[in-house]
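Each protein sequence line maps, in turn, to chains A and B.
Just so you know, we're using this note's numbering here: the first sequence kicks off at 214 and counts up by one.
Just so you know, we're using this note's numbering here: the second sequence kicks off at 214 and counts up by one.
Please note: incorrect hints may appear among the correct ones.
Copies of one chain are not kept apart here, so a pair can be met inside one copy or by any two copies together.
Below, simulated SDA-like cross-link-like pairs (lysine to any residue); rule was C-alpha separation at most 20 Å, straight line [as the list claims (entries may be wrong)]:
no.: 1; residue 1: K265; residue 2: R216
no.: 2; residue 1: K265; residue 2: E221
no.: 3; residue 1: K269; residue 2: N217
no.: 4; residue 1: K272; residue 2: N285
no.: 5; residue 1: K272; residue 2: N218
no.: 6; residue 1: K272; residue 2: R216
no.: 7; residue 1: K228; residue 2: T279
no.: 8; residue 1: K272; residue 2: N217
no.: 9; residue 1: K269; residue 2: G258
no.: 10; residue 1: K265; residue 2: N217
no.: 11; residue 1: K269; residue 2: R216
no.: 12; residue 1: K272; residue 2: Y251
no.: 13; residue 1: K259; residue 2: H248
no.: 14; residue 1: K259; residue 2: F282
no.: 15; residue 1: K269; residue 2: N233
no.: 16; residue 1: K272; residue 2: R231
These aren't lab readings, by the way, just hints derived from the structure by calculation.
There are 2 protein chains.
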Amino acid sequence: MERNNILEIFSYNMKRLRQNAKITQEELSFRSGLHKNYISDAERGKRNISLKAIEKLAKGLEIELTEFFLLNN
Amino acid sequence: MERNNILEIFSYNMKRLRQNAKITQEELSFRSGLHKNYISDAERGKRNISLKAIEKLAKGLEIELTEFFLLNN
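Given only the sequences and the hints, what does the whole structure look like? Please build it.
See the structure below:
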C-alpha cells in the first residue's frame with residue numbers, strides 16, 4: 214500500500230506499532246494520557262496531531278520517534 | 214548536546230537540516246508556505262507544530278520525515 218501524505222503515514226504506523234505492542238487503544242490512552250477517542254481518531258488519520266501528542270504516544274508505545282514516520286513496513 | 218524532549222529534538226534537526234540545505238528561513242518560508250515567524254519560532258522550539266506543518270517543512274527542505282526526529286547527529 215502506498216501512503217501519500219503524513220496523516221496516512223503516521224496513522225498507519227501508529228496502529229501497526231500499537232498492535233505490535235499487543236495493547237488496546239484503551240491501554241494506549243491510559244499510558245499516554247490522551248483520550249481514547251483521540252487515539253481512535255489518530256489511528257484513522259483524522260487528527261492533525263502535534264509534536265507534544267506525538268511524544269506522549271511514543272512514550273506510551275515505548276518506541277523511537279522516527280518509527281512513526283517510516284515509509285516501508 | 215543531549216536533547217530531552219520532542220520540541221528540542223525537532224527544532225535542533227530543523228535548523229540543522231535548513232543550514233545543510235544552505236537556505237535562509239525566508240527561503241524555507243517561501244518553499245513551505247509557512248510564515249517566516251512560524252519558521253523562526255519552530256527552530257527555537259517555541260511551536261508545538263502539527264503533522265501537516267511538519268510535512269510542509271519536509272517538502273520545503275526536500276528531506277524524509279524521519280530526519281526531523283533523529284537523536285544523534
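Each hint tested on the structure:
no., hint, in the structure
1, K265 / R216, "between (23 Å within a copy, 14 Å between copies)"
2, K265 / E221, "both (19 Å within a copy, 11 Å between copies)"
3, K269 / N217, "between (25 Å within a copy, 13 Å between copies)"
4, K272 / N285, "between (22 Å within a copy, 18 Å between copies)"
5, K272 / N218, "between (24 Å within a copy, 11 Å between copies)"
6, K272 / R216, "between (24 Å within a copy, 15 Å between copies)"
7, K228 / T279, "both (15 Å within a copy, 17 Å between copies)"
8, K272 / N217, "between (26 Å within a copy, 13 Å between copies)"
9, K269 / G258, "both (17 Å within a copy, 17 Å between copies)"
10, K265 / N217, "between (23 Å within a copy, 12 Å between copies)"
11, K269 / R216, "between (23 Å within a copy, 16 Å between copies)"
12, K272 / Y251, "within (16 Å within a copy, 27 Å between copies)"
13, K259 / H248, "within (14 Å within a copy, 25 Å between copies)"
14, K259 / F282, "within (16 Å within a copy, 22 Å between copies)"
15, K269 / N233, "within (17 Å within a copy, 29 Å between copies)"
16, K272 / R231, "within (12 Å within a copy, 28 Å between copies)"
The structure fails none of the hints (numbered hints given earlier).
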